[in-house]
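Heads up: the protein sequence lines correspond to chains A and B, in order.
The opening residue of the first sequence carries number 1 in our numbering; numbering runs sequentially from there.
The opening residue of the second sequence carries number 1001 in our numbering; numbering runs sequentially from there.
Among these hints, one or two may not hold up.
Taking lysine-lysine and the BS3-like style, the derived pairs with C-alpha atoms no more than 27 Å apart in a straight line are [as the list claims (entries may be wrong)]: (1) B:1339 to A:215; (2) A:14 to B:1371; (3) B:1321 to B:1416; (4) B:1267 to A:215.
Keep in mind that the hints were calculated from the coordinates and are not lab data.
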Amino acid sequence: MAARFKNGVVRYFKDNIGIIIALLVMCLFLVVFPTTRTTFLTPKNVFNILRQNASNLFLATGMTMVIILGGIELSVGSVIALSGVVAAGCVINFGLPEIVGFLAAIGVGALVGMFNGFVICKTDIPPFIVTLASMNITKGIALVLTGGSPIRCMTDAFKFPGAGYVGPVPTPVILMIIVFIIAAFMINRTQLGRHIYAVGGNAQAARFSGINVQKVKFIVYTYTGIMSGIAGVVVASRLYSGQPTAGDGAEMDAIAAVVVGGTSMSGGSGRLGGTLIGVLIIGVLNNGLNLLGVDSNWQYIVKGLVILLAVYVDFIRNKKAGR
Amino acid sequence: MSEQYLLEMKGIYKSFPGVKALQNVGLQLKAGEVHALLGENGAGKSTLIKVLGGIYHAEEGEIYIDGQKVTIDGVVAAREAGISIVHQELVLVPYMTVAENIFLGREPGNKMNINRKQMTEDAQKLMDTYEMNIDADTLVEHLTIAQQQMVEIVKAISFNSKILVMDEPTSSISDKEVGFLFETMRALTKRGVGIIYISHKMSELEEICDRVTVMRDGETVGTKVVKETTKDELIALMVGRELTNYYTRDYLEPGEVVLRCEHISDKKMAKDASFELHRGEIIGFAGLVGAGRSETMKAVFGLAPNMSGEVYVDGQKVQIKSPVDALKYGIALVPESRKEEGLYKVQSVRFNSTIEVLSQFIRNLSVNAKKEEEITQKYIDMMGTKTPSQEQIIGNLSGGNQQKVMIGRWLATSPKILILDEPTRGVDVGAKAEIYAIMNELVKQGMSIIMISSELPEIINMSDRIYVMNEGRVTGCLNHEDVTQEKIMQLAAK
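Assemble the whole structure, with the sequences as input and the hints as a guide.
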């Protein structure tokens, strides 16, 4: 067992060595650079990075499965907005307990996921278009419900998932670990996990293999919806409010983390372990640029170039390895 | 030089990282001949063709056309030298018309304003010249595979090429269309065109080819005149040893009926097919492309939503609504089209070997990796698959080895009834013989096999009984003792 664990760790580093080095180089730079030397590697800042990127990890675990499946999911950002609004609305407008608000928010995420899954399975409309539509619909509902203004909710229980602590550790970091473990088990240790790779690799062959292709797709989109709902709860909690504009562009950060993590957009292959590093790279990059005081408009440009570079390096490496 | 060749390739060397793909390869093509290029998969045929077509650059070697030394450093240079290649995989644009495809990149008229009328007329003239019954204004996606192949050939010829290379043009077209293709080839050779013809089908050589060059492991091992050689000699050259038993078959007394199918229909291609299979038997399904053989088997396997008809396994009537049901009754199907219906191309040999039997080693959120490796290894050994490791990405293996992994995948489900749809398509001679030997071994152990094949020699030499289908119906059943190609063809056209 110990040997297997060791093998697993060695394998993990081997598989992801390119992006691990990239992450370490970024951290090293921020540790030695004069303006960030004192601010980057403090417990407070490290927890801050993790806290801010917890929601991206939730989305990215689902997005990894969707992309391995050969699909794409654009509605996750809008779900963050709608589920956050629902969570805060339940508490403020209906006087329900916070936990009910949170569950309702996750339920909303699940519903959107099921809607995506259902339409994708029952029609031949490509996932890009289906989720583009549900992205707009979901965002619209959030705006209609709130009239465009945030619903503030300052109770301690509401603040717990996003801004609270368990001992010295921020709650979102705990959630992050739990979600990652669940996703890792799903992908690596269940038949469903293998079926996801099979459907993404060759859906027609999967049919011959007796795999229920529609069921696999439906489960994955629903899972992603639920993860977006949880992300919505954490974001709303961190902001002390349900905001109809929260999660804007979150889908792009999630996709970026997945592709930086080495998952191919053409489906059939990819690694959840890589996605974790991808999320951290995007997180450290955002944090580092802020600490360096880079103008927020310029941050987009830098981020775009880093994504391109990371994926290009990985591409070259895989080509050399003959994969 | 005693005789002037149309094309002469001399001392060609080409290597890829870690592999010497071509070593001192030579090839001489005369004007007006059809010259076959034979060799197992991986022997270097495709590499040689890509060097000729300017897609790869040879490290060493010279190419002469009409005795003049030429440098081919790109696709355009090859075209200007009069070389055209019809690739094995179709490279037409499906959403364009036949005419647009033929004139792609060299449309008549000027850049801003293509003369569509003239283009269509010119294309139609070409189609008519070669008596192809295709409207130049049709979208390519509406053509059959064979028609698309014809369009490819016309496109290749329309460059006024002197040298035409055809890479396995008959692998996906029916016999009738093959005959038509050969006529076109003969018409071309009369006009002095030299054709290099790559095919795995030995029977075609005698019919259409004048000379043959055999390649093995990146080298040319000999050039023969087709009329002066034998099939056995060529196979021996290709595999480097005598293949004593190409077909291995010990006929046994068949046992009880294990599968009986009655009036199978999928409301489309399969109309009314009835047949039965005994224990320890191989039954062959012959017929023309489009006769509904694959569709019938897919219906039996639970892949046709509107299936009707009765299926009896071991005398019991069963309902098979999905492949899961079929597997439950011990029926496995190795599909016809490896690439589209079988392979998970970007995944490893291990993933591809075990996808049917996940429940044997994934349970309660844990993967028994040792068991997974054992299963994979068992079928690698049994099928004699050549792979560097279990982690090898399957897309990097040769067609024969991919097919062995596919068959192994389904054998892992321990089926009683194995349906093989074109089990040796795109598989080289050596691996074919091995697959036949394995089939023989399996039926000896009590398995029953249904084989669909478009290669008559294979059907005739491997089957106990042969069902012939035409237009979705079984038109007859022949016993292996009194079967001939002619009898099959009569039933196939009935």
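Does the structure keep residue 1321 of chain B and residue 1416 of chain B at a Cα separation of 27 Å or less? holds (18 Å)
Measure nothing beyond the straight line between the CA atoms of residue 14 of chain A and residue 1371 of chain B; if it is 27 Å or shorter, mark the hint as holding. holds (24 Å)
Regarding the pair residue 1339 of chain B and residue 215 of chain A, is the alpha-carbon distance no greater than 27 Å? holds (23 Å)
Going straight from one Cα to the other, do residue 1267 of chain B and residue 215 of chain A come out at no more than 27 Å? The given pair, whose Cα atoms are some 26 Å apart, holds under the 27 Å limit.
Checked against the numbered hints listed earlier, the structure breaks none of them; every hint is satisfied.
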